[in-house]
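Let the sequences and hints guide you as you build the complete structure.
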Amino acid sequence: MRLIDTHNHLDFPDFDADRAAVLARCRAIGVGRQVLAGVYRANWQRVWDLACAEPGLYAAFGLHPVYLEQHRAADLDDLGAWLQRLRGADRLCAVGEFGLDYYLAELDRERQQTLFEAQLRLAAELELPVLLHVRRAHAATIATLKRLRLPRAGIVHAFAGSREEAREYLKLGFRLGLGGAPTWPQANRLRQVVAGLPLEAVVLETDAPDMAPAMHPGGRNSPEYLPEICAAIAALMGIEPEALAEASTRNACELFGWAD
Numbered sequence: 078m079r080l081i082d083t084h085n086h087l088d089f090p091d092f093d094a095d096r097a098a099v100l101a102r103c104r105a106i107g108v109g110r111q112v113l114a115g116v117y118r119a120n121w122q123r124v125w126d127l128a129c130a131e132p133g134l135y136a137a138f139g140l141h142p143v144y145l146e147q148h149r150a151a152d153l154d155d156l157g158a159w160l161q162r163l164r165g166a167d168r169l170c171a172v173g174e175f176g177l178d179y180y181l182a183e184l185d186r187e188r189q190q191t192l193f194e195a196q197l198r199l200a201a202e203l204e205l206p207v208l209l210h211v212r213r214a215h216a217a218t219i220a221t222l223k224r225l226r227l228p229r230a231g232i233v234h235a236f237a238g239s240r241e242e243a244r245e246y247l248k249l250g251f252r253l254g255l256g257g258a259p260t261w262p263q264a265n266r267l268r269q270v271v272a273g274l275p276l277e278a279v280v281l282e283t284d285a286p287d288m289a290p291a292m293h294p295g296g297r298n299s300p301e302y303l304p305e306i307c308a309a310i311a312a313l314m315g316i317e318p319e320a321l322a323e324a325s326t327r328n329a330c331e332l333f334g335w336a337d
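All the letters of the sequence shown, read from the start, carry residue numbers 78 to 337 under the working numbering.
Calculated from the structure, these hints are not laboratory results. Nothing here was measured: the structure is a model prediction, and the numbers come from that model. Virtual Cβ for every residue (Gly too), placed ideally from N, Cα, C. Hints should not be assumed to be uniformly reliable.
Pairwise CB distance ranges, derived in the manner of DEER restraints [claimed, not checked]:
#, residue 1, residue 2, range
1, Gly-295, Asp-95, 17 to 27 Å
2, Gly-165, Gly-315, 38 to 48 Å
3, Gly-109, Met-292, 36 to 46 Å
So this is what it looks like as structure tokens:
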């Protein structure tokens with residue numbers, strides 16, 4: 078079984094003690110490629126250094142809405158400069174993680190929207206796919222995407238929306254990132270939505286070290302759990318894990334422009 082973790086944060090300090098061992102275990106179980114998502118200016122270099130140091134690792138850079146108060150005006154200019162400088166590099170695969178977060182009431186929505194649109198325009202200019210964080214903000218996100226119309230779409234990371242929202246994203250060319258959340262039995266609505274998704278819509282992810290699956294509650298999530306996540310989601314969809322792994326890998330390769 079070959080798998081791609083399309084979204085994690087392997088650069089976070091949670092992995093400092095055993096990152097090499099985690100990567101070795103991932104390769105042994107078929108998790109051959111991983112996308113590391115940058116979230117604020119201070120971690121981009123760490124993400125890039127790690128992506129360049131290990132086979133199968135790729136980098137994305139963005140300004141995450143949860144860190145809105147940390148971002149400075151110059152960070153957006155720096156993001157554009159980083160992306161321009163690395164344009165065409167094999168290990169650069171996307172702009173992200175960025176988006177809209179309406180779950181945290183203290184995050185100013187107008188500032189979020191301005192930053193969101195600026196990063197979408199950067200992605201459009203550079204013709205890169207996007208990794209979107211969307212939490213309780215699907216309507217605003219879909220409306221913005223319809224208005225700006227990216228030349229390349231991307232992934233709605235940790236998708237937890239409705240069937241109708243899933244259809245809207247799919248019409249816009251997006252894939253839906255599925256990870257630990259649907260493995261939890263109490264996530265009834267999400268599990269029902271996932272069960273009805275077409276295979277061409279899905280890419281797999283972990284968001285490690287966050288969003289641990291039900292099989293590993295209360296601890297650090299890891300990209301090495303991706304085969305178990307794949308099996309759990311495949312069961313919801315009524316298919317074999319190998320079929321979901323093949324489809325997710327194909328979808329990710331098409332999205333990022335990788336040779337299979």
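Against the structure, the hints:
| no. | hint | verdict |
| --- | --- | --- |
| 1 | Gly-295 to Asp-95: 17 to 27 Å | holds, 18 Å |
| 2 | Gly-165 to Gly-315: 38 to 48 Å | holds, 41 Å |
| 3 | Gly-109 to Met-292: 36 to 46 Å | violated, 21 Å |
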